[in-house]
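*Asks:* Protein sequences appear in the order of chains S and W.
The number in my numbering is simply the position in the first sequence, starting from 1, with 6 added.
The number in my numbering is simply the position in the second sequence, starting from 1, with 446 added.
Any given hint might turn out to be false.
So these bits of chain W aren't anywhere near chain S, every CB distance computed over 12 angstroms [claimed, not checked]:
{"id": "1", "residue": "R451"}
{"id": "2", "residue": "F486"}
{"id": "3", "residue": "W528"}
{"id": "4", "residue": "L575"}
{"id": "5", "residue": "N616"}
{"id": "6", "residue": "L629"}
Now the in silico label distances, taken between C-beta atoms and shown as ranges [said to hold, decoys possible]:
{"id": "7", "chain 1": "W", "residue 1": "L632", "chain 2": "S", "residue 2": "G56", "range": "54 to 60 angstroms"}
{"id": "8", "chain 1": "W", "residue 1": "R688", "chain 2": "S", "residue 2": "R127", "range": "52 to 58 angstroms"}
{"id": "9", "chain 1": "S", "residue 1": "A266", "chain 2": "W", "residue 2": "H540", "range": "41 to 47 angstroms"}
{"id": "10", "chain 1": "S", "residue 1": "K29", "chain 2": "W", "residue 2": "Y558", "range": "17 to 23 angstroms"}
{"id": "11", "chain 1": "W", "residue 1": "I642", "chain 2": "S", "residue 2": "S229", "range": "41 to 47 angstroms"}
{"id": "12", "chain 1": "S", "residue 1": "G144", "chain 2": "W", "residue 2": "Y558", "range": "32 to 38 angstroms"}
{"id": "13", "chain 1": "W", "residue 1": "W458", "chain 2": "S", "residue 2": "G141", "range": "23 to 29 angstroms"}
{"id": "14", "chain 1": "S", "residue 1": "G202", "chain 2": "W", "residue 2": "L479", "range": "58 to 64 angstroms"}
{"id": "15", "chain 1": "W", "residue 1": "L450", "chain 2": "S", "residue 2": "A196", "range": "57 to 63 angstroms"}
{"id": "16", "chain 1": "S", "residue 1": "E279", "chain 2": "W", "residue 2": "H540", "range": "52 to 58 angstroms"}
{"id": "17", "chain 1": "W", "residue 1": "E695", "chain 2": "S", "residue 2": "V186", "range": "37 to 43 angstroms"}
{"id": "18", "chain 1": "S", "residue 1": "G308", "chain 2": "W", "residue 2": "S696", "range": "47 to 53 angstroms"}
{"id": "19", "chain 1": "S", "residue 1": "V186", "chain 2": "W", "residue 2": "Y558", "range": "31 to 37 angstroms"}
{"id": "20", "chain 1": "W", "residue 1": "M465", "chain 2": "S", "residue 2": "V186", "range": "31 to 37 angstroms"}
Output of the computed footprint for chain W on chain S, the stretches with three or more beta carbons under 8 angstroms from beta carbons of chain W [as the list claims (entries may be wrong)]:
{"id": "21", "region": "62 to 73"}
{"id": "22", "region": "101 to 109"}
{"id": "23", "region": "279 to 286"}
{"id": "24", "region": "303 to 309"}
Keep in mind that the hints were calculated from the coordinates and are not lab data.
Built from N, CA and C at the ideal position, the CB exists for glycine as well.
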Amino acid sequence: MAAIEAADLRRTYKTHTGTFRRKAKEIEAVRGISFSVEPGELFGLLGPNGAGKTTTIKMLITLLIPTSGSARVLGLDVVRQAREVRRRIGYVFGGERGVYERLSGYDNLRYFAELYGVPAREQKGRIEELLELVGLKGREHERAEGYSRGMKQRLHVARGLLHDPEVLFLDEPTIGLDPVGAREVRATIASLTEAGKTVLLTTHYMFEADALCDRIAVISKGSIVAEGTPLDLKRGVAQGSVVEIEVYGVADEAVERVRALGGVVAVAIEEREQAQVLVVQTEPEVELTQAILGHLNGSDVGRISRREPTLEDAYVALVSE
Amino acid sequence: MSSLRLLAVSWWLQFKMIMRSPFDGFGNVIYPLFFATTAFFVFRAGDSPRTLIYASFGAAVMGMWSSVSTSAGSAMQRERWWGTLELLVTTPRHFSLILLPTTLGLATVGIYNLAATLLWGRFLFGVHLTIEHPLLFALAVAGTVLSFAGLGFLFAVSFVRFRAAWVLGNFFEYPVWLICGFLVPLALLPGWVHPISWALAPTWGMSAIRESALGGSPLPELGACLGLGIGYVVLGVLVTDRVLRAARESGSLSLT
Numbered sequence: 007m008a009a010i011e012a013a014d015l016r017r018t019y020k021t022h023t024g025t026f027r028r029k030a031k032e033i034e035a036v037r038g039i040s041f042s043v044e045p046g047e048l049f050g051l052l053g054p055n056g057a058g059k060t061t062t063i064k065m066l067i068t069l070l071i072p073t074s075g076s077a078r079v080l081g082l083d084v085v086r087q088a089r090e091v092r093r094r095i096g097y098v099f100g101g102e103r104g105v106y107e108r109l110s111g112y113d114n115l116r117y118f119a120e121l122y123g124v125p126a127r128e129q130k131g132r133i134e135e136l137l138e139l140v141g142l143k144g145r146e147h148e149r150a151e152g153y154s155r156g157m158k159q160r161l162h163v164a165r166g167l168l169h170d171p172e173v174l175f176l177d178e179p180t181i182g183l184d185p186v187g188a189r190e191v192r193a194t195i196a197s198l199t200e201a202g203k204t205v206l207l208t209t210h211y212m213f214e215a216d217a218l219c220d221r222i223a224v225i226s227k228g229s230i231v232a233e234g235t236p237l238d239l240k241r242g243v244a245q246g247s248v249v250e251i252e253v254y255g256v257a258d259e260a261v262e263r264v265r266a267l268g269g270v271v272a273v274a275i276e277e278r279e280q281a282q283v284l285v286v287q288t289e290p291e292v293e294l295t296q297a298i299l300g301h302l303n304g305s306d307v308g309r310i311s312r313r314e315p316t317l318e319d320a321y322v323a324l325v326s327e
Numbered sequence: 447m448s449s450l451r452l453l454a455v456s457w458w459l460q461f462k463m464i465m466r467s468p469f470d471g472f473g474n475v476i477y478p479l480f481f482a483t484t485a486f487f488v489f490r491a492g493d494s495p496r497t498l499i500y501a502s503f504g505a506a507v508m509g510m511w512s513s514v515s516t517s518a519g520s521a522m523q524r525e526r527w528w529g530t531l532e533l534l535v536t537t538p539r540h541f542s543l544i545l546l547p548t549t550l551g552l553a554t555v556g557i558y559n560l561a562a563t564l565l566w567g568r569f570l571f572g573v574h575l576t577i578e579h580p581l582l583f584a585l586a587v588a589g590t591v592l593s594f595a596g597l598g599f600l601f602a603v604s605f606v607r608f609r610a611a612w613v614l615g616n617f618f619e620y621p622v623w624l625i626c627g628f629l630v631p632l633a634l635l636p637g638w639v640h641p642i643s644w645a646l647a648p649t650w651g652m653s654a655i656r657e658s659a660l661g662g663s664p665l666p667e668l669g670a671c672l673g674l675g676i677g678y679v680v681l682g683v684l685v686t687d688r689v690l691r692a693a694r695e696s697g698s699l700s701l702t
């Protein structure tokens, strides 16, 4: 039995436009997603902002009811057996919200230990153990409002583990953290699968998915556009090559002209310090450097380099389709 | 047993959070002062010992009610802002067990409001009150707090479904002052208002507090007050699952 199963999961939101002439509008956030996660697996749902990752996770953790389709966690239906599902899952999201700032870290954990029905005699030991695991020992009696972003995030992880859930849903758990804080959280996540937990992780950091996940599903505009191991996804674009050109103030029209060139798979602009870098993925055995430069007339051009595609390039190519 | 423990721990933590809020703390100083001033001017207009009792306790219960009605409304919105509402819903407990201690915590702060209003009245305006039956008075106050928590709970349940419903908490604040006879005797209100007043626990709580202070028997009023309070809780528990399902369908548990 799969730990998590989603079958043709869809979710639409109703919204309104206009003030006096209000018009109802439906937004399709998730458009028929299907995947399954095996017990003990760390599965990544990777996609840009607004791709439908959080909506998918919210349906799986019983916060949203799917418009159609079905989902099961540990064999339990997320709509009809919501309470049983909640008992056996943990949920952690990224960012500073989700913490009672006026309470201490310890009181935050104590409250959720009660809510998850952790037996009274086990609570103290469990909280101490988790504080040790996430590195908050010694700071637990301070009010959470004084915690750094990284400390709050680690408190989230501890909260999600209080009732020793079999399946953990981590929604962008390292978002906004500094590199050291993010590394600490990633180390904690890696240790979870070693302890036999099933983890579904959403992220838009490619390297994070690459480093942590056994399998990845790339989600774009509400649909899964690719699924496989990080190696499978890299292979998908390994045949081509990538040209990187440093530019200063490149116009949108120029980028569109490059995108329209024959042999171009994907184009992205990355901000690196003062410069922008135009990243162009090309089909195998196609030399487009001169043609690209021809379309950048009027822009200051810096260093030009050529390299093999990475997993991040695979991701960009997939979500640009 | 585990549910009772949850209620007790949650109540204590909610109470801690309220007491640590600088904004709420400021309001807790200013509001009773405002209510005590109101009581003083009403008393001065009436100028009889009975009016004194009437106005002072009316103003004190106004403070209690205000802290529950406005805070119960904003409590759910606050949980949304903090990002904790979704976390609470993903726990396996029945949601009513999570909400009830929140409104009970708010109602407990109402006791402080009652005491502060009476103390302001005494020290600022020299209004001296004698309570004939202190024990029954304490019981009446406790019963009123519990029924307020029940009514606040019923409000909070509906506020889970609608993001903008917290505004209704403010909307309910002033009409209850009037309808439940906090400042004006019910007899002065139009006849069609009376059934509404009788359906609201604050009417009976107010009456029980005044009766005990004046030396009468507050038990019938106290019974009605508690009965209605329990009724609100039962109704709230019955509709919680439906409201929560509607919120999960509409996606209104989160802020956006």
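*Asks:* For each hint, tell me whether it holds in the structure or not.
*Replies:* Evaluated hints:
no. : hint                                   : result
1   : R451                                   : 6 angstroms, violated
2   : F486                                   : 34 angstroms, holds
3   : W528                                   : 6 angstroms, violated
4   : L575                                   : 35 angstroms, holds
5   : N616                                   : 23 angstroms, holds
6   : L629                                   : 34 angstroms, holds
7   : W/L632 with S/G56: 54 to 60 angstroms  : 56 angstroms, holds
8   : W/R688 with S/R127: 52 to 58 angstroms : 36 angstroms, violated
9   : S/A266 with W/H540: 41 to 47 angstroms : 58 angstroms, violated
10  : S/K29 with W/Y558: 17 to 23 angstroms  : 49 angstroms, violated
11  : W/I642 with S/S229: 41 to 47 angstroms : 53 angstroms, violated
12  : S/G144 with W/Y558: 32 to 38 angstroms : 34 angstroms, holds
13  : W/W458 with S/G141: 23 to 29 angstroms : 28 angstroms, holds
14  : S/G202 with W/L479: 58 to 64 angstroms : 59 angstroms, holds
15  : W/L450 with S/A196: 57 to 63 angstroms : 40 angstroms, violated
16  : S/E279 with W/H540: 52 to 58 angstroms : 53 angstroms, holds
17  : W/E695 with S/V186: 37 to 43 angstroms : 41 angstroms, holds
18  : S/G308 with W/S696: 47 to 53 angstroms : 50 angstroms, holds
19  : S/V186 with W/Y558: 31 to 37 angstroms : 44 angstroms, violated
20  : W/M465 with S/V186: 31 to 37 angstroms : 35 angstroms, holds
21  : 62 to 73                               : holds (count 6)
22  : 101 to 109                             : holds (count 8)
23  : 279 to 286                             : violated (count 0)
24  : 303 to 309                             : violated (count 0)
Going through the hint list in order, the structure does not satisfy hints 1, 3, 8, 9, 10, 11, 15, 19, 23, 24.
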